[in-house]
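Enquirer: One-letter residues, chain by chain:
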Amino acid sequence: MESLDALLLARVQFAFTLSAHIIFPAFSIGLASYLAVLNGLWLLSGRGVFLNLFDYWKKIFAVAFGMGVVSGVVMTYQFGTNWSVFSDRTGPVLGPLMAYEVLAAFFLEAGFLGIMLFGRERVGPKLHFFATLMVALGTLLSAFWILAANSWMHTPAGYALNDAGQFIVTNWWAVIFNPSFPYRLVHMVLASYLTTAFVVGAVGAHHLLKGRAVRQDNSADRTMFSMAMWMATAVAPLQILAGDLHGLNTLEHQPAKIAAMEGHFETRAGAPLILFGIPNASEERIGYAISVPKLGSLILTHDPNGVVRGLKEWPKHERPPVGIVFWSFRIMMAIGFAMLGIGAWSLFLRYQRRLYDSPWMHRAAVLMGPSGFAALLAGWFTTEIGRQPYTVYGLMTTAESVSAIDAAAVGASLATFIVVYFAIFGAGTFYILRLMRRPPEPAEPGLPADEPIQAAGLMPGPVLSRAKRGAAT
Amino acid sequence: MTLDLPLIWAGLLAFSVLVYVILDGFDLGIGILFPFVRTETARDQMMNSVAPVWDGNQTWLVLGGGGLFAVFPLAYAVIMPALYAPITVMLLALIFRGVAFEYRWKTRRGKFLWDGSFAGGSILATFAQGIALGALVQGIPVANRAYAGGWWDWLTPFSVLTGAALVVGYALLGATWLIYKTEGELQRAAYRFAWIAGGGTLALIGIVSLWTPFLNANYMARWFGWPQVLYVIPVPLLVALCALALYRGLSAKRQLMPFLASLGLFILSFVGLVISFFPYIVPSSVTIWSAAAPDDSLSFTLVGAAVLLPLILLYTIHAYWVFRGKVGATGGYR
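Chains as they are written, first to last, in my numbering: chain A, 1 to 473; chain B, 474 to 807.
Any given hint could turn out to be false.
Listed next, with one range per pair, are the computed distances between beta-carbon atoms [to be verified]:
1. T514(B) <-> R438(A): 26 to 32 Å
2. V780(B) <-> A289(A): 54 to 60 Å
3. L43(A) <-> R797(B): 30 to 36 Å
4. G672(B) <-> A174(A): 58 to 64 Å
5. L248(A) <-> G484(B): 43 to 49 Å
6. R438(A) <-> V708(B): 53 to 59 Å
7. F177(A) <-> L476(B): 24 to 30 Å
8. V708(B) <-> L435(A): 49 to 55 Å
9. R661(B) <-> R438(A): 39 to 45 Å
10. T416(A) <-> N617(B): 26 to 32 Å
Quick caveat, the hints were computed from the structure, so don't treat them as lab data.
Just so it is clear, the structure is predicted and the values come from calculations on it, not from any experiment.
We put the beta carbon where it would ideally sit given N, CA and C, even for glycine.
All chains, full assembly: derive it from the sequences and hints.
Expert: As structure tokens, then:
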């Protein structure tokens, strides 16, 4: 019993530290690409508003990136402390993928971040744009490697087992481009883009609402709001499509997860789509279900009378916990469709030329500001809890993966992590919100060169020193 | 001809850890000395002297941890649970000191809080690293490819001693770095710190070195067996030379020599550890070869490392070159 408690605590600790970490990289991935687009538009059009927005958002990017780095260091060690058996057995496969992630991130940090943040005046706009592109590429490269590792755990491929029980690689190509990887990568990158778009949209909408009467020039507010709404209009439907394809891929490789997401206990033809209900795992049914007949089969098998497998196909100890998965999936879906609605609404207002004069639209956009983070976490909860009881799907269980740890040790460290993270990342979020509360100015200042900033990494060097020397002479 | 990939990787990882220790060592040392400096401008100056480089320094720790997982998964899987508490404390302490660099400048009311978090985080992270090192040196029992010891094994008089030794040693690196990077009042204070920390570091290196061979028969044979002693005798001789250079540098009020001499002490202590450990990666349970992932994984990772590590090193050297010279009270990136 004691080992079970330690296992649960270790899982909670991993979920907590990873959830706290993932929101920063997800925001950085989207924001890095947004900054590259702003920079490119400025070079193309020469309109100062894009430059102002670039300088506005890069300050926020710097803080968010810094917090991503800080919380990421913890993840590097978490595998070993709490999941040592997993580390030993999967190390030959996953270790190199993660090493490439670290190297990519390190390279990005070392190479181009400083130039992007501080260097436009020094290296010229073209090279500066190149650095911005490289930063965006670097964040995507990080996502590539880490999602390859994660996807391999869901759909292992290209491996063999050695005498020590370790997974070893027979084909790197098959390991990296494992069956679920392309779907997961697209789904996650689009999620990052949507998350960032809704944050940007909320900030734009907030300043449009507040500045209605006072501010003379709100072109920056308008531009960022409009860009964000274009993203919502275009990417939300794409994301729903990508999610559907990912779901079909999951049905093929992890049908038990789909059964839990859909709330299907019975295997049947013409399965309904359960919209809401209360999953009852012990009685193996969904209580108070509101469902649409046959739609479940239609979505999953593209045939209204297709057969969909239910959880009863698997013995109880091989089923994922249905309650959390059922709900987190619905939260993600609900937010996704709300995003679709916002996108459609904004398109309609745009068509009526009332996009910037519609307070209710703006209020809704502000309300939806953090929704991307909620959807992102709900999605990760769905896929990660849905693959239980396995860490390496079908091959290695979570219970086998854990270190021989003492519940007290894990509990104590978990409590400390929670306290520290809320203090530290609470403060960081407060500083980010303070930056967002101020509207972008017509001549938006850059980063203060006399304040250290973590995201400057290794390479503010050449740029800043010359900037300073130039200013002195 | 086949390459001994595990040995190459052991060398690369040892190099990463050494780079981490000497680079993050002096910026952690700045944090350790923070409580002994009272004036606000001096504190700003201290932080500015490492602000542009500390994050790059710390990234070597991520490379070390990530690299260990990638190439020596068994060692990673044994060491991390064995050092559970010190590693966790170190990570949390590093968070506190890391964000202090950025948050401290964002507030006036809360500045004292981030000062405290910088100093406390630095001291705690260093002490935890020293304890982890001591616990590793005294050996980690392994059974069935897993850590086979108890939850408090890391806490012994020896590991507490190495913890304290590392705090004093990093303080020496920090103090001599300040001598090099600052002038005036702060530099005079740094000379005083360096005298105290220098004496302390040498005394503690002596005690730890004499204690270590008694922990383990392998260490004893390596250091005192005949004729091996002939191969290892240069190490203590060079330590004495560095100690002399430190003494002369501080007496003659030289700017750079004390820092270089302190670096020498750290590098030699590290070489001493490598001599004691080899061929084990987890003394005396797991060797480099038994911990290594299959060659296929090692060579796959080596390709990336061979391209990127030299580039990263060049960047690092370039960044230090750019930030050469004295640091002022303002201007983190002068």
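Enquirer: Please go over all the hints and tell whether each is borne out by the structure.
Expert: Comparing the hints with the structure gives:
{"no.": "1", "hint": "T514(B) <-> R438(A): 26 to 32 Å", "verdict": "29 Å, holds"}
{"no.": "2", "hint": "V780(B) <-> A289(A): 54 to 60 Å", "verdict": "56 Å, holds"}
{"no.": "3", "hint": "L43(A) <-> R797(B): 30 to 36 Å", "verdict": "34 Å, holds"}
{"no.": "4", "hint": "G672(B) <-> A174(A): 58 to 64 Å", "verdict": "59 Å, holds"}
{"no.": "5", "hint": "L248(A) <-> G484(B): 43 to 49 Å", "verdict": "48 Å, holds"}
{"no.": "6", "hint": "R438(A) <-> V708(B): 53 to 59 Å", "verdict": "58 Å, holds"}
{"no.": "7", "hint": "F177(A) <-> L476(B): 24 to 30 Å", "verdict": "28 Å, holds"}
{"no.": "8", "hint": "V708(B) <-> L435(A): 49 to 55 Å", "verdict": "52 Å, holds"}
{"no.": "9", "hint": "R661(B) <-> R438(A): 39 to 45 Å", "verdict": "42 Å, holds"}
{"no.": "10", "hint": "T416(A) <-> N617(B): 26 to 32 Å", "verdict": "30 Å, holds"}
Violated hints: none; the structure is consistent with every hint.
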